[in-house]
Amino acid sequence: MKKETVMAKNFVFTFLILFYALFFHLTPASALPLFAKKYHLPCTACHEAFPKLNDVGIAFKDNGYQMGTENDTPLQNLVVSPFSLRTTPNVNVQTQTAVPTDQSNSDNISTGTFNLTGLDFLSGGVLSKDISYLLVIAPFLDADVDMEAAWIRFSNLFDSSWLNIKIGKHELEIPFSQKRAFGLTSSGNSYLVYNYHPGGPANINTFNLGDNQFGLELMGHSQDSRIRYVLDLNNGSMEGSNQAQGKRPNLYARLSFGFDQENISERVGLFGDYGYWPTSYKTEGGTPLPGTGANNKAFSRTGTDLIFNFGSSGTPLGSLMFQYMYGIDDGNLIGQTVIPDTALTCPSPPCGNAFNGSAGGSQDAIFHGGTVELHWMPNLKTVLFSHYDWIFNKQQADISLPDDYNDQASFTLGSRYYLVQSQFSMVALHGEWSYFASKKTNLVTVEDQITNTFFVGVDYAF
Amino acid sequence: MPFKKLFLSGFRGLIILGLFFLILPANRSLASDGGHSLNLTRGKGVYERYCAGCHGVKGDGRGIYAEGLNPKPRDFTKGVFKWTGGPAGSMPSDLDLMMTISEGVNGTSMPAWRGIRESDRRYVVDYIKTFSPRFKNETPPRATFIYPPPPGTPDEIDKGKTVYEKNGCMACHGPKGRADGRSAGTLTDDWGDAILPANFSKGVFKTGKEEWKIYRSIANGLGGTPMPSFSDQLKPAEIWELVYYIQSLRD
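Protein chains in written order, with the working numbering: chain B, 1 to 462; chain F, 463 to 713.
Okay, chain B solo, but in the shape it has when bound (with noise of 0.2 Å):
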């Protein structure tokens, strides 16, 4: 057994017996703390454990932030302030493995930090009787300000909970949120399937279902919320110069269904996105001029999904919670470099020079994945959560790859004991340690490499 499987184990086992030793006698007491605070709930009537929403917060969710009786005191009487903070100082110790350096092709390097997994400034509520909006501003420790969500929605329309449209900067509803994900280390709070390139590196398409789009969601829902459908019209991670095809959205399409049994209850679904990333575009000093991509190549994205909660509404014992995810890219995504193509035809010069791809790889890129995520609360205030995502590639697009190029894995298992989830606030102390894998990823030396990530904060939010 390996020096950072030992380590890791060392770690768990010390860290979860010292949170029960000193956190089980102890007893202090989760929506957005602004909406707490607004309909005197705590967090825990819209949240299992926050952030991960239950079946009422869901309900309120898809209502547009309303709680259905005629109550939700709009923006404009500030009765309590609408702004939230969320944040996590934390410890981050990172083992990398077979990391190539210039020193040296395979190298083993680890961190030891004290860090904030960021800052979320939101803001969100009513404007007006079914229209409602969230603001998020992540503005992270030295880079840019980033505007993480920013939409309005129009909810119930034609008196209809089967018509709700939001338009702005939205997270896609995949089937198992990166934003309500109890993981806060980067492979606890993403799931692979989302975010996976195959191809690596070399793959042009940088479609992430995992980011917050820009664009038009349609949505509907049973008053219940156990029958949900939504269709999303939206940029596809396209932002700068490869806002190259506003011709062509991208397309995510999800529908789910609930089912409620005495002890459990379980929601299955299907989603899928389907768009299209330009190969080739006009430049400008030799930068694609956004808004000229052309030679659409086609990829997708297929899944299904199937939930698990445990225990009743009230004490919420858990979830098992599995995706799988199918998904294929155009060879000629993969591949490219870019170069100057001459031979397209320039109405009438100066056009500028025409950029195209090189042949891409010669066949489909086809790789499929998938989750199994387990949530455990042995108590209310007591959250274990574990997930385990795996890739495997099914055809490269570049054929001198070998198959298994880039199949990665990613287990995570981590701690939640919230000290307060109150109607002002929520803090929990946080452990999480995650373990990535990538196939053959070094392309010196062709060695898999490994990351192993220990991480233990406190995660407040007011």
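Since the hints were derived computationally from the structure, they do not count as laboratory data. Watch out, some of these pointers could steer you wrong.
In the DMTMM-like style, the derived pairs of lysine to aspartate or glutamate whose C-alpha atoms are separated by at most 25 Å in a straight line are [unchecked claim]:
1. F:K664 to B:E70
2. B:K61 to F:E510
3. F:K671 to B:D130
4. F:K534 to F:D617
5. F:K506 to B:D260
6. B:K52 to F:D642
7. F:K520 to F:D588
8. B:K169 to B:D130
9. F:K621 to F:D588
10. F:K671 to B:E70
11. F:K621 to F:D651
12. F:K506 to F:D522
13. F:K664 to F:D651
14. F:K638 to B:E70
15. F:K621 to F:E510
16. B:K129 to F:D713
17. B:K61 to F:D642
18. F:K506 to B:E266
Away from chain F, derived, C-beta distances all over 10 Å, residues of chain B [what the hints assert, rightly or not]:
19. N54
20. F83
21. P89
22. N90
23. N108
24. F114
25. N115
26. G200
27. S237
28. D398
29. P402
30. D403
Positions of the beta carbon are idealized from the N, C-alpha and C atoms, including for glycine.
Since the structure of chain B is already known, use the hints to place chain F on it.
Just chain F, lined up with the frame of chain B:
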């Protein structure tokens, strides 16, 4: 670590967690009295997660988040309820409670709890009934019969105005239904709090838009409030005329 092993170690972790799962539900289903106490335990779980913040752990309406709410959350220990199938003051049936809990009370902080699983909503009904001995000693009467509605013509609205003026509605609800009648400012409810008559100009009814529920509020009155029962005094047709009339008072 070879790649295969990585997959295996991931699965091993999940299996260990999975085993905990299997042990846990077994522990929690030790009830031996035909499941009744188990159901109360479930109801308590639902109550404490969703309701206690307002209605209080003891059901006395003094939850830790109840401060500043108007109207105040119901004190269940008195066993008095506003929305009952029978006349004001009688016990609500499980169905009555289930309806209030599922649909909420419009215009108040009492949310619609449709998101809670139906079985769990039934258990929480059982549970809130434990707060008052009235539920042991009394049974809910037959629900008031709701006569089928007439078509709701302008003529009926006019007649409704007369019925409204003749039967003292104005004293509380005011001449135009703006909650500004003579005695409007003087009313208190059985829980000792000041209460305003309904303001019809807003077009929001606590029980929702369904007309049969407005009919029911007039026919039965509202338990624990000054809103009297009119079923002895008025004919079903007149109650319907009132329903149409007060609906027409919306701004």
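Each hint tested on the structure:
With a C-alpha separation of about 11 Å, the suggested pairing of K664 (chain F) with E70 (chain B) holds against the 25 Å cut-off. Simply put, K61 (chain B) and E510 (chain F) have alpha-carbon atoms about 22 Å apart, close enough for the 25 Å limit, and the pair holds. About 17 Å separates the Cα atoms of K671 (chain F) and D130 (chain B), which keeps this hinted pair within 25 Å; it holds. Only pairs whose Cα atoms come within 25 Å are accepted, and K534 (chain F) paired with D617 (chain F) is rejected, the gap being roughly 39 Å.
Between K506 (chain F) and D260 (chain B) the CA atoms are separated by roughly 19 Å; this keeps the pair inside 25 Å, and the hint holds. Note on K52 (chain B) and D642 (chain F): the hinted pairing is violated, with a Cα-Cα distance of about 46 Å set against a maximum of 25 Å. Using a Cα cut-off of 25 Å, the hinted pair K520 (chain F) and D588 (chain F) holds, with the two alpha carbons roughly 15 Å apart. Annotation: proposed proximity of K169 (chain B) to D130 (chain B) holds, straight-line Cα distance about 19 Å (limit 25 Å).
Our distance criterion of 25 Å between C-alpha atoms is broken by K621 (chain F) and D588 (chain F), whose separation comes to about 43 Å. A hinted pair counts as satisfied when its Cα atoms are at most 25 Å apart, and K671 (chain F) with E70 (chain B) qualifies at roughly 11 Å. Note on K621 (chain F) and D651 (chain F): the hinted pairing is violated, with a Cα-Cα distance of about 30 Å set against a maximum of 25 Å. For the hint linking K506 (chain F) to D522 (chain F), the alpha-carbon distance of about 15 Å falls within 25 Å, and the restraint holds.
For a cut-off of 25 Å, the pair hint linking K664 (chain F) to D651 (chain F) stands: about 22 Å separates their Cα positions. The hinted pair formed by K638 (chain F) and E70 (chain B) meets the criterion: a straight-line CA distance of about 22 Å does not exceed 25 Å. A hinted pair counts as satisfied when its Cα atoms are at most 25 Å apart, and K621 (chain F) with E510 (chain F) does not qualify at roughly 48 Å. With a CA separation close to 16 Å, the supplied pair K129 (chain B) and D713 (chain F) stays within the 25 Å bound.
A distance of roughly 37 Å separates the Cα atoms of K61 (chain B) and D642 (chain F); the hinted pair therefore is violated under the 25 Å criterion. Between K506 (chain F) and E266 (chain B), the direct Cα distance comes to roughly 23 Å. Compliance with the 25 Å bound is thereby established for this hinted pair. With a minimum CB-CB distance of about 7 Å to chain F, N54 (chain B) fails to clear the 10 Å threshold, and the non-interface call is violated. No beta-carbon of chain F comes within 10 Å of the beta-carbon of F83 (chain B); the shortest separation is about 20 Å.
Annotated as non-interface, P89 (chain B) keeps its C-beta farther than 10 Å from every C-beta of chain F; the closest such distance is 27 Å. The Cβ of N90 (chain B) lies farther than 10 Å from every Cβ of chain F, with a closest approach of about 22 Å, so its non-interface assignment holds. The Cβ of N108 (chain B) lies farther than 10 Å from every Cβ of chain F, with a closest approach of about 13 Å, so its non-interface assignment holds. For F114 (chain B), the shortest C-beta to C-beta distance to chain F comes to about 27 Å, beyond the 10 Å cut-off, and the non-interface label holds.
At roughly 25 Å from the closest C-beta of chain F, the C-beta of N115 (chain B) stays outside 10 Å, upholding its exclusion from the interface. With a least CB separation of 16 Å from chain F, G200 (chain B) remains clear of the 10 Å interface cut-off, as annotated. Under the 10 Å C-beta cut-off, the non-interface status given to S237 (chain B) relative to chain F holds; the minimum distance is some 28 Å. A cut-off of 10 Å between C-beta atoms confirms that D398 (chain B) is not in contact with chain F; the least separation is 21 Å.
Here P402 (chain B) stays apart from chain F, with its beta-carbon at least about 12 Å from theirs, past the 10 Å limit. No beta-carbon of chain F is positioned within 10 Å of the beta-carbon of D403 (chain B); the least distance is around 13 Å.
Hints 4, 6, 9, 11, 15, 17, 19, counting from the list given before, are not met by this structure.
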